[in-house]
Amino acid sequence: MPMKRVLVNEPVCMGCHLCEVYCQLNHSTSSDLVKAFKRPEHQNLPRLRIEARNPIFFSLRCQHCAEAPCISACLTGALSRDEKSGAVITDEAKCIGCWTCILACPYGAIKQDTVKHKSVKCDLCQGSKIPACVEHCPNEALVFEEVAEVKSK
Amino acid sequence: MNRTKYLIIGNSAGGIGAVEAIRRVDKAGAITIISEEPYAAYSRPLISEHLFENRPVANMLFRSPDFYVKNNVQTILGKKVTGLDLKAKTAQLEDGASMKWEKLLLATGGQPIIPKMDGVKTPGVFTFTTIDDAEAIDRFLPRVQRAVIIGGGLIGISVTDALVKRGIDVTIVEMKDRVLNVMLDEAASALVEDALKKNNVRIITGRTVTEIHSDFTTEILTGVTLDNGQELTAEMVVAAVGVKPRVELAMAAGIKTNRGIVVDRAMQTSTADVYACGDAAEVYDFIFGDNRVTPIWPNAFVGGGVAGANMAGKKSEYAGGMSMNSIKYFGLSIASAGMVTPPDAAYEVISQTTGRNYRKLILKDGIITGMVFTGNIESAGIICGLMKDKVNVEAFKRALISDNFSFLSLPEIVWRERLEITFKKPAAMSGAGVRQ
Ligand SMILES: Cc1cc2nc3c(=O)[nH]c(=O)nc-3n(C[C@H](O)[C@H](O)[C@H](O)COP(=O)(O)OP(=O)(O)OC[C@H]3O[C@@H](n4cnc5c(N)ncnc54)[C@H](O)[C@@H]3O)c2cc1C
Numbered sequence: 001m002p003m004k005r006v007l008v009n010e011p012v013c014m015g016c017h018l019c020e021v022y023c024q025l026n027h028s029t030s031s032d033l034v035k036a037f038k039r040p041e042h043q044n045l046p047r048l049r050i051e052a053r054n055p056i057f058f059s060l061r062c063q064h065c066a067e068a069p070c071i072s073a074c075l076t077g078a079l080s081r082d083e084k085s086g087a088v089i090t091d092e093a094k095c096i097g098c099w100t101c102i103l104a105c106p107y108g109a110i111k112q113d114t115v116k117h118k119s120v121k122c123d124l125c126q127g128s129k130i131p132a133c134v135e136h137c138p139n140e141a142l143v144f145e146e147v148a149e150v151k152s153k
Numbered sequence: 154m155n156r157t158k159y160l161i162i163g164n165s166a167g168g169i170g171a172v173e174a175i176r177r178v179d180k181a182g183a184i185t186i187i188s189e190e191p192y193a194a195y196s197r198p199l200i201s202e203h204l205f206e207n208r209p210v211a212n213m214l215f216r217s218p219d220f221y222v223k224n225n226v227q228t229i230l231g232k233k234v235t236g237l238d239l240k241a242k243t244a245q246l247e248d249g250a251s252m253k254w255e256k257l258l259l260a261t262g263g264q265p266i267i268p269k270m271d272g273v274k275t276p277g278v279f280t281f282t283t284i285d286d287a288e289a290i291d292r293f294l295p296r297v298q299r300a301v302i303i304g305g306g307l308i309g310i311s312v313t314d315a316l317v318k319r320g321i322d323v324t325i326v327e328m329k330d331r332v333l334n335v336m337l338d339e340a341a342s343a344l345v346e347d348a349l350k351k352n353n354v355r356i357i358t359g360r361t362v363t364e365i366h367s368d369f370t371t372e373i374l375t376g377v378t379l380d381n382g383q384e385l386t387a388e389m390v391v392a393a394v395g396v397k398p399r400v401e402l403a404m405a406a407g408i409k410t411n412r413g414i415v416v417d418r419a420m421q422t423s424t425a426d427v428y429a430c431g432d433a434a435e436v437y438d439f440i441f442g443d444n445r446v447t448p449i450w451p452n453a454f455v456g457g458g459v460a461g462a463n464m465a466g467k468k469s470e471y472a473g474g475m476s477m478n479s480i481k482y483f484g485l486s487i488a489s490a491g492m493v494t495p496p497d498a499a500y501e502v503i504s505q506t507t508g509r510n511y512r513k514l515i516l517k518d519g520i521i522t523g524m525v526f527t528g529n530i531e532s533a534g535i536i537c538g539l540m541k542d543k544v545n546v547e548a549f550k551r552a553l554i555s556d557n558f559s560f561l562s563l564p565e566i567v568w569r570e571r572l573e574i575t576f577k578k579p580a581a582m583s584g585a586g587v588r589q
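First to last, the protein sequences are chains A and B. If you're matching positions, the first sequence starts at 1 in my numbering and goes up one per residue. If you're matching positions, the second sequence starts at 154 in my numbering and goes up one per residue.
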């Protein structure tokens, strides 16, 4: 199934972390930037990771693989594919924080929320037209594009 | 006689993986799943939650309630298959019914090993692998203050976690010198033992239970005796000494079995049109380069998927799996994969500990054959990926155990290749924006 994914135009990424900031904001229970970062009850981890070794920078997130190893590995069915968007999404209520998906992901794209004891990952900002990271990238280093099926590593 | 195109015995990780794979290829062919357990497919590891927080079965299902309807699967639940006729291609059920099939999958899983000893049939002795086991324990708990768990493997730790949360005084008796000795190394086992002790669990290693006793007249379980003569008082015993593949159906039908049901890389057994997967089967392990029983959920699901595709006529090969475990109990964060201790001196072990983070790799000729991480395990999957693809890491192996390891710790040619799919392809012939 062809789907839209976030791609990195690595040569023009300056490592400004705005993608990370807006990812965290978009996944917070508050739409207030300060609350999203400073109030524990509104804090949610960003679902991407910044790779940086000057002068190379890029942000890395879930690739929503066609045959997603994390879905196969999930012990509880918390990970599944959203049929409409094609995104691999997490049902937090079902996740027990067993971290098996983390072992299965060759991109290291799943994070441990050790406070809630849940796995968190990119959901392509379900409900938004464009993922927050792409929308707020000042340099078009992130693009949201239709791509062919992704075979994972 | 009832007929089905695809018959799947076992309604769990392997069976459901197969259904999804069959339906990707064949939308219409009749699929029937038979299971002895009377529930919709549930997450077996969650029986621990079922026991300690009374998690309802509805919240243990790993697929949506309409899964069977949506995939047009007929289910026969709560019935056991008692025999197979491979020539006639039929299966006999315990109620006398039989079912004719074209393609068969044995996803029969494992069954707990019951140790042979006096008193093992006493009421109050349980195993812990099914919802029914968890419920039987739950019903018995009002009579229990102290429990003895025989075996400190994953299932032993899992039931301990639940019992501790239910306020029971638990003693684990482990024959080897440490708990979780199959899936963890010494350092990680020590972490688990620490966490257990903090939860007031008593651990007795290097010992085994030789006898379970009960009161002469009332038959009420009173305790156990260890092989050194030591006695422990308890009202309940859980036997968690291991699980063995359920091969009885296959064996009786004349399908080749070893420790598990023998399959090839298409997951087909020694008999054409009969497949096997999961805890019941011996499947290809890419670390050891042989077929073996590796009873973990992801391998069962993926193997079921390969079997299902082949059953539906789409050629598919099992790339191979490896042992891969993580520990969720007692708030720990531990991950291991492949070998956890080096089998001989030809293997190299490198490790690094920083605070609560521990990273260990086992390598041979530059290829990673095993890993154990504790603490921050977020990059464990990147390592497993390198293991799976047999990437030679000799030149940069130290970077892999560094605390701040990330893709950019790898040589550029390696990370570019591994992350190819995340990068936008440079527009052809256009120099703009491309670093020279
Ligand atoms: C407490 C516990 C914790 C676990 N934790 C983890 C973990 O953290 N990570 C992990 O990877 N794995 C874990 N596992 C292991 C995991 O659950 C198994 O690897 C997985 O369930 C295997 O799936 P399967 O489909 O091969 O077989 P099973 O899940 O064993 O299912 C087989 C089914 O077939 C049925 N069946 C067998 N024979 C017949 C017959 N003749 N007729 C009808 N029905 C039959 C059985 O009743 C059973 O329902 C855990 C297991 C337990 C018990």
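Since the hints were derived computationally from the structure, they do not count as laboratory data. On a predicted model such as this, the values are computed, not experimentally measured, just so you know. Where is the CB? At the ideal position from N, CA and C, for every residue including glycine. Treat the hints with care, since some could be wrong.
What the hints assert, rightly or not - Heads up, incomplete: computed chain B residues facing chain A, CB under 8 Å, no partners named: (1) Val178; (2) Leu239; (3) Gly474; (4) Ser486; (5) Cys537; (6) Pro564; (7) Ile566; (8) Thr575.
Against the structure, the hints:
Among the interface hints, the one on Val178(B) is violated; its C-beta lies about 14 Å from the nearest C-beta in chain A, farther than the 8 Å criterion. At about 30 Å, the closest approach between the beta carbon of Leu239(B) and any beta carbon in chain A exceeds 8 Å, and the interface hint on this residue is violated. About 10 Å separates the beta-carbon of Gly474(B) from the nearest beta-carbon of chain A, more than 8 Å, and the hint is not met. At about 7 Å, the closest approach between the beta carbon of Ser486(B) and any beta carbon in chain A falls short of 8 Å, and the interface hint on this residue holds.
Given hint, Cys537(B) at the interface with chain A, holds; its Cβ is 5 Å from that chain's nearest Cβ, closer than 8 Å. The criterion of a C-beta within 8 Å of any C-beta in chain A is not met by Pro564(B), whose closest approach is roughly 12 Å, and the hint is violated. The closest approach between the C-beta of Ile566(B) and any C-beta of chain A is roughly 13 Å, which is over the 8 Å cut-off, so the hint fails. Here the hint on Thr575(B) is kept, as its CB sits about 6 Å from the closest CB of chain A, short of 8 Å.
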